[in-house]
Amino acid sequence: MAEYDPQRIEAKWQQTWERHDAFRAADGDSSRPKYYMLEMLPYPSGTLHMGHMRNYTIGDAVARYKRMRGFNVLHPMGWDAFGLPAENAAIKNGIHPRAWTNGNIEEFRRVLRRFGFSYDWTREISTCEPEYYRWNQWFFLRMLEKGIAYRKKSRVNWCPQCQTVLANEQVIEGFCWRHETTQVEVKELEQWFLRITQYSDELLDDMAQLEGGWPERVLLMQRNWIGKSRGAKVRFSVAGLEGVALEVFTTRIDTIYGASAIVLSAGHPELPKLLEGVAGRADMEAQLKSLRQKSVKAADIATAEKEGFFTGRFAANPFSGEHVPVWVANFVLAEYGTGAVMAVPAHDQRDFEFARKYRLPISVVIQPLQGKALDAGRMNEAYTEHGRVVNSGAYTGLTSDEAMEKMTAEAASRGFGAGETTYRLKDWGISRQRYWGTPIPVIYCERDGIVGVPEAELPVRLPEEVKLTGQGQSPLASDPQFVNTICPKCGGAARRETDTMDTFMDSSWYFYRYADPHNATAPFAADKVRYWFPIDQYVGGITHAILHLLYSRFFCKVMRDLGLVKHDEPIARLFTQGMVQKGGVAMSKSRGNVVGAIDMADKYGCDTGRMYTLFAAPPEKDLEWSEEAIEGPSRFLQRLHRLVTGHAPRLRDVRPPGRDADLSQASAKEKALLRRTHQAIKRVTHDFEARWHFNTSVAELMKLLKELEAQEPLDRDIAPAVLKEVLASCVLMLAPMAPHLAEELWEMLGNSGGLAREKWPDYREDLAREEQFEIVIQVNGRLRGKILVEDGLSESETRERALSDPRVKMLLDGKRVVKTIVVPNKLVNIVLQ
RNA sequence: GCUGGUGUGGCGGAACUGGCAGACGCGCCGGACUCAAAAUCCGGUGGCCGCAAGGCCGUGUGGGUUCGAUUCCCUCCACCAGCACCA
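Under the working numbering, the residue at position 461 of the first sequence is numbered 461, and the numbers go up by one with no gaps.
Certain hints may be false.
In silico lysine-lysine, DSS-like type, Cα no more than 30 Å apart, as pairs [said to hold, decoys possible]:
1) 153 - 289
2) 759 - 12
3) 273 - 426
4) 621 - 706
Hint data in this document are derived by calculation from the structure and do not stem from the laboratory.
Between the sequences and the hints, there should be enough to build the whole structure, so can you do that?
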């Protein structure tokens, strides 16, 4: 008998699948329900390791399962091919980014094919190809027309290591997301932005549509990131300075009578005017300078002392008329709100600390609705809850909520303020001073200003020969052939934009392109997208919870407003799988702890690699890679192969009993085997449908195999038709998880045509039903015995049976039974005393 | 600090709606096969007491609800993740 030879089997079936185009998705097929299964497209760099493979194994298992369930499955793969590492490799090794990238793509494609993932390879895309990125440019131009793309000079995050601008989302605690030890600098540059803030509310509100389909955690992170907060802006006039007003943003206008100061950020635009002619100005300028150079490190911020100085100016509280000092301090952020706050020490913890240090007055204007009244002199911390307003003129006696509403109305009617909602979310800066990305399709003309490249001239191709130094400004600026052009409007000499787009542009809409990957006249045909969307299931890492997923949602809404799509959200369900770790940290090339996918396939076979990945942990949890633990699934597949190979020859031409067969005449042994089989089908089906706990699916198959082995010799006691039914079900259930071996065994059992179109086995309740149950007998809730009863025994009979059990009788001797609880087919609990 | 999540044998994990805690697997121990080893197969494997029958303890901590709690409620602890002087 032939040994299980995974490499041979895997090659054989991969060729067969390819020959038969087994995983081709059919556009617009209305005869079957569609299912769009998507895994996050990889950035082709380094080696594909088991972290990647886990992602694709999960997706592939579900894609294959859905096909067996009769769905028309779209399961595509592509490459996120633009990006910095390609450029860095080019600088370091003198290889062109395109050559480097395409080399990696080839390698990635080879490995993914070697694992036999059921992709429709005819839909493969690569974002660095002009056929793809021309649509990035096309979208950009549409957004330019709509005013969603705009240019402004702004303070931007600059990474000296990358030599480029970073989006806010790419700055992590003040450090570059790619260079964890490089502090991000602030620079003033002319940049292109996308007005994502225009969609802040919609991005927030539409999360309601995602509840249930997306992990709560991801929605929460996005909600925090958007950071909506309702409040009011209030203007304080500055005493002795006509025309200068300081606007503050507050979420607690009800506390305004307790303001002890106005505090400005060190970068506040009105500061020069304020400081003019003030005594001690030189000294203040020095302090300002030092405040501006504060560390941005998270740890420092958390422990930083409140620091600031009095400007010598006073501002008038428009409600009370009171004059309060104007300060500058380090804890006020220039980028948030108005860059100025009113300090209310009694009701804000930061203000409280600040007031303590600089001896500003603390006055209580909110009292708790219940409990002890506050006394400013005895407070150890601010009282930040809502409550009853006191010492606040006409507002005294109102609740916080009432006061907020009325005060906001007064501010508006008297013209010194208004209700205001602020967001943490900033517009998306997409300009990158880099080569390996999509050129921004814009031309600058002396006469006509900013002119979009006409659609007919797209794509603006990335020139192939450009000197890359990694230093200074955009590499494209050094190519006069590229830069110098003519203005599409006036025909005069003009210059091209030399920045390229953030690569997150590429990945914000790539999944639409899969629906129509070769369209040369549009990013996609509307009817194809209408058929396939929304994505039924997206699978990827939690690392993309904010960046990629928020941008993708934004893009979808822009596309909808451009009339390109009809839906509000592109992704119906999101699954975030856990990381694969080794030594407690995520696999990564830089840490040197990767387990290569190819090594795994060479050593154990990819089916074993897949099985282990699915078995070792439920997919949402992190998985610690263990070379030892892979032995379990490896042995399982070998034993299953041995068992089926042993029995298959005489089962080839046997017809299984079929779906509705009457099996009441089957022997007890046969019934037992069928029962275990159908219980397994029930469980595995549930795991695939409801919760994706493939680890228990694998365990179920292992148990079934064990049962089969225990019944050997199977050819003596089990009718061939029954055995065939059992083995076939087993193989069908294996198909999504270890597809190559499943195909091989399926063929051995006398089937042809491949498993991709085969039906998932039906679960039969009548066959799965137990005939006998072990009843647990508890006395006072403690396990004291077990009895075997037949199915359907009545409650009273079960009780009698339990009470007449000899051992139970002994325990009950001389005691009074208070009551008994009977759970049919499960347990009897006898309560004594 | 805020928000969310997670705590179960030596390890990965299971227990679906409150009903036998530890399925399945790894490892370990014992046995078979072998001159021997590997591979394979069979048996055992939460802790403590006991020759055994059996008993007691046990799902991070302490409490509560319940006939019965890994599961529900409260307290605290630890770890992980995201956000973080956001006004």
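Hints, one by one, checked against the model:
1. 153 - 289: holds (22 Å)
2. 759 - 12: Holds - the C-alpha atoms of residue 12 and residue 759 are around 22 Å apart, at most 30 Å.
3. 273 - 426: holds (28 Å)
4. 621 - 706: holds (27 Å)
The structure shown violates none of the earlier numbered hints.
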